[in-house]
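4 protein chains.
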Amino acid sequence: MTLSIDALARLQTVDEFEQAARAILPTPSYDYYRSGADEERTLRRNRRAFRRYQLWYRVLVDVSQRTLATKVLGTDVAMPILVAPTAYHQLAHAEGEVATARGTAAVGSLMVVSTLATRTLEDVAAVPGPKWFQLYVHRDRGLTRSLVDRAVAAGYRALVVTVDTPVLGRRLAAERSNFVLPPGLHMANLKEAAQAVAPEGGLALAAYVASRHDASLTWRDIEWLRSLSSLPVVLKGIVRGDDARIAAECGAAGIIVSNHGARQLDGAPATIEALPEVAEAVGAMRNPPEVLMDGGIRWGTDIFKALALGARAVLLGRPILWALTVGGEAGVQRMLELMAGELSRAMALAGCASVTAIDRGLVRPAPRE
Amino acid sequence: MTLSIDALARLQTVDEFEQAARAILPTPSYDYYRSGADEERTLRRNRRAFRRYQLWYRVLVDVSQRTLATKVLGTDVAMPILVAPTAYHQLAHAEGEVATARGTAAVGSLMVVSTLATRTLEDVAAVPGPKWFQLYVHRDRGLTRSLVDRAVAAGYRALVVTVDTPVLGRRLAAERSNFVLPPGLHMANLKEAAQAVAPEGGLALAAYVASRHDASLTWRDIEWLRSLSSLPVVLKGIVRGDDARIAAECGAAGIIVSNHGARQLDGAPATIEALPEVAEAVGAMRNPPEVLMDGGIRWGTDIFKALALGARAVLLGRPILWALTVGGEAGVQRMLELMAGELSRAMALAGCASVTAIDRGLVRPAPRE
Amino acid sequence: MTLSIDALARLQTVDEFEQAARAILPTPSYDYYRSGADEERTLRRNRRAFRRYQLWYRVLVDVSQRTLATKVLGTDVAMPILVAPTAYHQLAHAEGEVATARGTAAVGSLMVVSTLATRTLEDVAAVPGPKWFQLYVHRDRGLTRSLVDRAVAAGYRALVVTVDTPVLGRRLAAERSNFVLPPGLHMANLKEAAQAVAPEGGLALAAYVASRHDASLTWRDIEWLRSLSSLPVVLKGIVRGDDARIAAECGAAGIIVSNHGARQLDGAPATIEALPEVAEAVGAMRNPPEVLMDGGIRWGTDIFKALALGARAVLLGRPILWALTVGGEAGVQRMLELMAGELSRAMALAGCASVTAIDRGLVRPAPRE
Amino acid sequence: MTLSIDALARLQTVDEFEQAARAILPTPSYDYYRSGADEERTLRRNRRAFRRYQLWYRVLVDVSQRTLATKVLGTDVAMPILVAPTAYHQLAHAEGEVATARGTAAVGSLMVVSTLATRTLEDVAAVPGPKWFQLYVHRDRGLTRSLVDRAVAAGYRALVVTVDTPVLGRRLAAERSNFVLPPGLHMANLKEAAQAVAPEGGLALAAYVASRHDASLTWRDIEWLRSLSSLPVVLKGIVRGDDARIAAECGAAGIIVSNHGARQLDGAPATIEALPEVAEAVGAMRNPPEVLMDGGIRWGTDIFKALALGARAVLLGRPILWALTVGGEAGVQRMLELMAGELSRAMALAGCASVTAIDRGLVRPAPRE
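Residue numbers (our numbering), protein chains in the order written: chain A, 1 to 369; chain B, 1 to 369; chain C, 1 to 369; chain D, 1 to 369.
Read the hints as simulated data drawn from the structure, not as lab findings.
Keep in mind that the hints are not guaranteed to be accurate.
Said to hold, decoys possible - DEER-style ranges, computed between Cβ atoms: (1) A:W224 / B:R360: 27 to 35 angstroms; (2) B:R360 / A:P365: 18 to 26 angstroms; (3) A:R368 / B:R360: 46 to 54 angstroms; (4) D:V152 / C:E280: 40 to 48 angstroms; (5) D:A69 / C:E122: 53 to 61 angstroms.
Every residue, glycine too, gets a C-beta built ideally from N, C-alpha and C.
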């Protein structure tokens, strides 16, 4: 079902990847991936808010030798562009998360593997390259602990705890197309737990979250999570500066400014709108957590803006799913190369030879038109 | 003419209720309900202005046990979502306001019954559950007094005096579709008075308001109104902080920030735009009146925003009419449950376990896109 | 060609008048009336800018007795809604400016008669009711003086000098439809002068303005103009506060904030945007000139906003032309009554029993949506 | 392929020139000329941003005698409207840059000839009239020096060094239509150098820039460039005030505020947005460089705004290409006359008899609508 290498090479933008993927995916799967909460206002805003910022580029800087390399939580990566945790990669490609991991490794990036993967975390970890594990905290603390233990054993380098999902947001588009996990696909890391809730599949996710996720999770539990392993803990889903400071005080090694791809609370700010406040809130702290962001990125210039506004790196969610759909491992690799190429060009044109040269002065809110 | 329970259950949003109702209602009735004044700028703005506010949610709060319960003027209600006074419910459903009252009571909410009801205030009062009576002050003070006396006798718990209608606004859409009260429907509370003006029905309302309502009403009359009974008096239709303070000084127990569903003065501010000023104006007073609002609410997140910006509760107008049309009593119940469910989800996702936890810091004007 | 009284009575808004007029007028005439300069940005903005202002109405004011009466330059008028000077009324109706004058007089308003009328200023003056004369200053000072003398003799009460037309703006739409004055129509006040320039008609106006208007006119000439008669001089076409102050110092009795119906300089501010600055600039002067405005008014609420922002009265241009087209004298009368009715309703709903009660606090810029 | 003189005379706006040119040009050529980088956000913004500014015109100024004459770098020009350097004029017209030069000279303007011309710089210089030479600095400093020497020998009066192109921006539209230089057309000034890179033509430009342009160029190299000749050096492509000050300190005689027709970095500010900062940054320096601008100009009022905001003159890029396509030399002449006529009219209507009278107070940001 994937495209030929030639056809893949002709895709020039993230939107073209999405269109090609849409032609391949069953409608419910496409709707599941694409949809956001309620009216999808935040979904649109995640993208559009990037346009609010302009690139006030510098000229006559030597940009003949450019590098995109950076470090995240001490791990070297070839580019400040990581793979966000997203569910159910086998909807997109038969090899699922394993193909994603291979494409990610091919370009020297890092993948965050979802609790809701359709391949086991061990299978994905068997692919070389650095990985973090995204964790949903379950009411069943034993289950939670076992996920952490498995992640440690498999060699994951950090735990990414999603904190914006005490209940599941309502994605009307996915409801309307009656999305269910197709026969043969499973939450591979949670097989038994999930079957207990919805043995037939069906609208498993909302039911699963309602019955199994821990809506009583608080900041105090972060310390408990940290005690489960020596892995650094990253909190994903924070948009407020005050929350970011609490996260830092609770020992979070990283913060991902995220609104869950606009799938939870419609009306939440775009992540690029929330990023500056979070970056400033922790910027002056001693040993500040690293700040990353995801949401709405479709162009290399979007990444440039995120780095300028305080992100150490960004994560790509849906673009990776479209790429996985159209090309499997090769698609993921091409998507990351495309984004890296665009970022590199933006850096050249803005006068930045390295990611550390991307300072806040290069990006300004656009004057009202 | 109403939908089956199954079809009703498939309606997921207020807009879907409206579309379903539109398919059922005669065009003039639909236009009468839907229309706003003149160009309908304020009508659109009532809805759109909610989008100006973003939900800067908090994470890692225990939201496993949530309650929507609150009190309005001392009455316990299960949710901060009341039924606004609207005219002529028999246009929507044969049982009219009685069905609305039943659906409202089923979820523990409170209904404000209109002077312009098509069922007598006594009939509606016979349905269990707390109710307030909306009052238009007539030039004929005897008639006005008799309405108050009847409301007291029937057990209404407050008088909601509409103060934004010295003359009737012009609703072009309703005029163009020649809306008249169909044969057999009456202003049940005003039968004789209305027939004296327009025995044939026709454009009864504008004529009725022009000839019978008291356009000379002033703040001084509020004291007289208060003297008619021991019921608390709520003033509906205020948008200014200075007017709100005068209302409080005149002894109003409550203020409903409202522009009459954008049916009176086109160009008036959206109610969510007016709410913060009103809430602040009376917030620092001793024994401040309770502040409520209506206008433009279509989502649970809209209600969340109104509560964050100072409303103790909101009232739903048109959404109740659509729900009454499509499902009678069951429709009204389902609409209120839908809104309550959406509000509850928004509270969970924003970190609020109760309505008192919804503070102003959670809502901010969106940055310009 | 005009509509029946019944059809006329069914027109409910200015836009409906325009649509009806468009169906009657030859395209070139319609385009001539409707068009603005260049891209017509200011043309659109003249209308849209009114939407920027909201009506923060007051309640519980006695508005049972309302009056729209006011005075302009000492003349009593029944409403603060005057007839702006516009060219060539015989394009719209065979009786031309005479019909306009009759409709204006019927409601107690005041007409400003254009130099470019198709009926002589004497013919128009023969219709009862107060009138001002709009004057273009010609290089031929003898001609200019003779126009003033004629206006005095005919009983005009003021001279309205247009100051925004040293050259004619380019109205692309009118050029594209090849507008020319049809056979039999003439600049009745300038017959000989005009024929000398363009005996065949044709694109007479741009050529006429270029060859005959005085592009060297300066503030010093205003004193000369004042010396020609004892009539008060009103300057029409000012948008800046500093220009307004100079006008006052030069003895102007009135200022019309106008951009010539957006027909001169595309990119000029909307007149409602310029009005507050002009009103403030002269407001603190001793014996300030009266401030009026035209441009973009289509609703009674627009007039309300203009009065609140400092205008003593407004002038209607195109709406009168549409009304004259569809109904001649009766059309003009109906248009003025429609606008007066809308203004009266807006005053009732905003808590104003007279035009002097319309204070600036009732109008505020809308929050960004 | 060009239009008749009559058809040419009927074109009234730049957009009409573009439409006419589009009907003549092969699609790839049209796309090459028209396209901007990536999403073309900056391309649209270059035009739209002019609308943000309003013309607060003055009245009663003597504008009967107007002049557009000015000086740029000491050269007298009849109008503050120059011809921007653009590539490949033979795509538009068989005579290429020679026709452009003739049309420019016919109205007393000045042409900036591109390094990427399809006619040799010597051929173009043979046409009378003042010219500047636009220079891309090559890694091969010998080639660079030889271009400078040739420009000096041919009588060019200034070097315009493009500083915004260390790599080539991606113009998706041109890529999608597979633009290549048609057979028989060459980079006439670089024949040998270009053929070494892409002997077949093809996507020569991106490859050429990548392999031959000097991405390591810095401010220090400007001094070296100045040392190559006695010609004044103008830096083209600056948008920041701080860069403008450095340019001045490096001895630049002029700065062109430009974003390369929005063909390089999508998300860059519109040039009219950048102009005020640049003008202010150098305005207070001793011997400040002259500030010019290009980008998005389509109307005489746009030019007026640029002059008011600090530009000594503007340059036209795409409008000249459309004009060259539709009319060759005569088309270029007509375009410049059209723009000059529009500017002159705007000056008359704003109260400016000369370009020096166009002060900043005449232009203000528009209030939000």
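Right, here's what the structure says about each hint:
1. For the pair A:W224 and B:R360, the supplied restraint of 27 to 35 angstroms holds, since their beta-carbon distance comes to about 32 angstroms.
2. Take B:R360 and A:P365: their Cβ atoms lie about 24 angstroms apart, and the range 18 to 26 angstroms holds.
3. As the Cβ distance of A:R368 to B:R360 is approximately 26 angstroms, the hint placing it in 46 to 54 angstroms is violated.
4. For the pair D:V152 and C:E280, the beta carbons lie near 58 angstroms from each other, so the given range of 40 to 48 angstroms is not met.
5. Between D:A69 and C:E122 the beta carbons are some 47 angstroms apart, a value that contradicts the proposed interval 53 to 61 angstroms.
In summary, the numbered hints that this structure violates are 3, 4 and 5.
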